[in-house]
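Going down the list, the protein sequences come from chains G and S.
Numbered per the UniProt record's numbering, the first sequence finishes at 322, counting up by one with no gaps.
Numbered per the UniProt record's numbering, the second sequence finishes at 294, counting up by one with no gaps.
Everything labelled a hint here was simulated from the structure, so no lab data went into it.
Glycine included, each C-beta is placed from N, C-alpha and C at the ideal position.
Hints may be right or wrong, so weigh each one.
[Unchecked claim] Quick list of the computed label-pair ranges, beta carbon to beta carbon: (1) G:L296 with S:L82: 15 to 25 Å; (2) G:T268 with S:L82: 24 to 34 Å; (3) S:I160 with G:L276: 32 to 42 Å; (4) S:L182 with G:E9: 51 to 61 Å; (5) G:L236 with S:R85: 24 to 34 Å.
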Amino acid sequence: MLKNWLTKENLTVTVLLLVLMLGVQVLYSAGILSPFVMLNLIIIAINIILAVSLNLVVGFTGQFSIGHAGFMALGAYASAIMTLNFNAPFIVSLLVGAIVAGIGGIIIGIPTLRLKGDYLAIATLGLAEIIRGVITNIDYLGGAYGLMGITQRTNWLWAFGCMLVTVMVIKNFVQSSHGRACISVREDEIAAEVMGINTTKYKVIAFTMGSFFAGIGGALLAHYITFIEPNAFNFLKSFDILVMVVLGGQGSLTGSVVAAIVLTLISTFLQSLAELRLIIYAIILILVMLFRPQGLLGTHELSFKLLQRKRGVSHGNHSANA
Amino acid sequence: MTEFIQQLINGISVGSIYALIALGYTMVYGIIKLINFAHGDVYMLGAFVGLYATAVLKMSFVPALIVSMIACAILGIIIERLAYRPLRNSPKIVILITAIGVSLLLEYTTMFFLGPQPRAFPEVFKQVSYPLLGGKVTISNREILIIVVTIILMLLLQYIVHNTKIGKAMRAVSYDMQAARLMGINVDTTISITFAIGSALAAAAGVLVGVYYNKVFPLMGIMFGLKAFVSAVLGGIGIIPGAMTGGLILGITESLVSGYGSSLYRDPVAFVILIIILLVKPSGIFGKNVREKV
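Bound-form chain G, shown alone:
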């Protein structure tokens, strides 16, 4: 197994990622990267975590969930409470946030995943709204005013590290036999069932994993902006993440990564024009749905092999079948 993993491509990618991670940190420490750039890099990393985890549910398992922000809220609040009230180390509050969100995913997933399509979408939207409504009503969690004064613990290394772990775990899951089972549920649930796949089990697994990583995303965000309020996790937040998944291509992890980067940059540049940002978002979304409903990358993944093959074809080298 290790031999399969230690390919030239994987090694190159690992080295590149490590260089990126440490390079950015060194540049920032040396004062070359401004705090503003750093802020955006960290937000990009968090958005990648959120997009990739939602893609597992929506893109790979075909369960249309529009309540991702609800799980973010669970993770953010649980981890914030751990650091604020229990003085827990950051790693512990991250894990608690993720686990609380994951448990939320199981509790919510088991009953609701019996629903399909539109109904599931509406149920997840409703559940996220319920989570938000309940948080608003709990004084211990700061009610509608939110929690303030969370220590800033998220930095570039934490954000990038968590992002790497998320992408690696989900990539490996998707490529495993469990992942194939999830994809079969997406393609045709009844056929998958007939082939002996326990569809409920895989839907719940994917949903729980998605929620778990959404919880990490929420926890990182809470410990970065040091302030959380229930309204930060409303329908629009879920929708923001969904746009990344849809734009990148449902069923393409690299697509989600690219879309998360592009959309975060777009929203940074349009920050002063909040309304315009959402108008552009909406137009992009409608146009993509009308002209390229499978998203920018469809179900393809970007890889070096793909680039090499593209180059080969453009040079007229048709014999390269690999």
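Fit chain S to the known structure of chain G by using the hints.
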């Protein structure tokens, strides 16, 4: 007891508005199986058209209502033409995402031009409260107005659906689109008219809300639209009497929750009802369970 009756009256007036919007959701879902997320925003635009008709054009209530309904009917047709018709045979998730996109587009375009702050709706009627049951319960002329307008519109809709040719076509298309087409029904026109009627009803609801609460703002359609959708699911989506019943049940429940519990729990309760109904009987109160064919 008087408190209960008072909440019931409030509930029925809010519920009537939910019912009017829910009709649009249910009719569109019944005919093309699409949750038209943008419907709540059509309602919002209806309220704004009503505001301009009364505040700028100095119209009285009934003409403003009619102008708003016509404007939104046209808007509904345009949305269907541009966004939904090209996708009619696409997977559901694609259409649903488009609907969310259209919804955002309407909300933020309105916000871009008019600003996010709420605007005061002109006082079309001087508010008069009539005491009932020895003065312990009051009903205002605005509440009576909402209920009367809703009843008139629903009777009108009932007449259109059951006694006119276009109503017959709508029922046929919702029953079986292919068969209806073979029978010579113009399916595209029928769907356009369904959107027009649904949007007109939402616009009426918008104007009524403007009159009732005295304010309109660009994001008012989100929560109201979602709750109207909950009403539609509650009664059984695709079923017209279901939307009316669902709207009333939701409105009354909400009023009772804010009256006896906390108004902060009003929104979560609506969604709890939604989840319960989805889990127990996804086809709604009036719906029949249909088994999926393989």
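**Violated constraints from the hint list, given by number and in increasing order** = No hint contradicted; all consistent.
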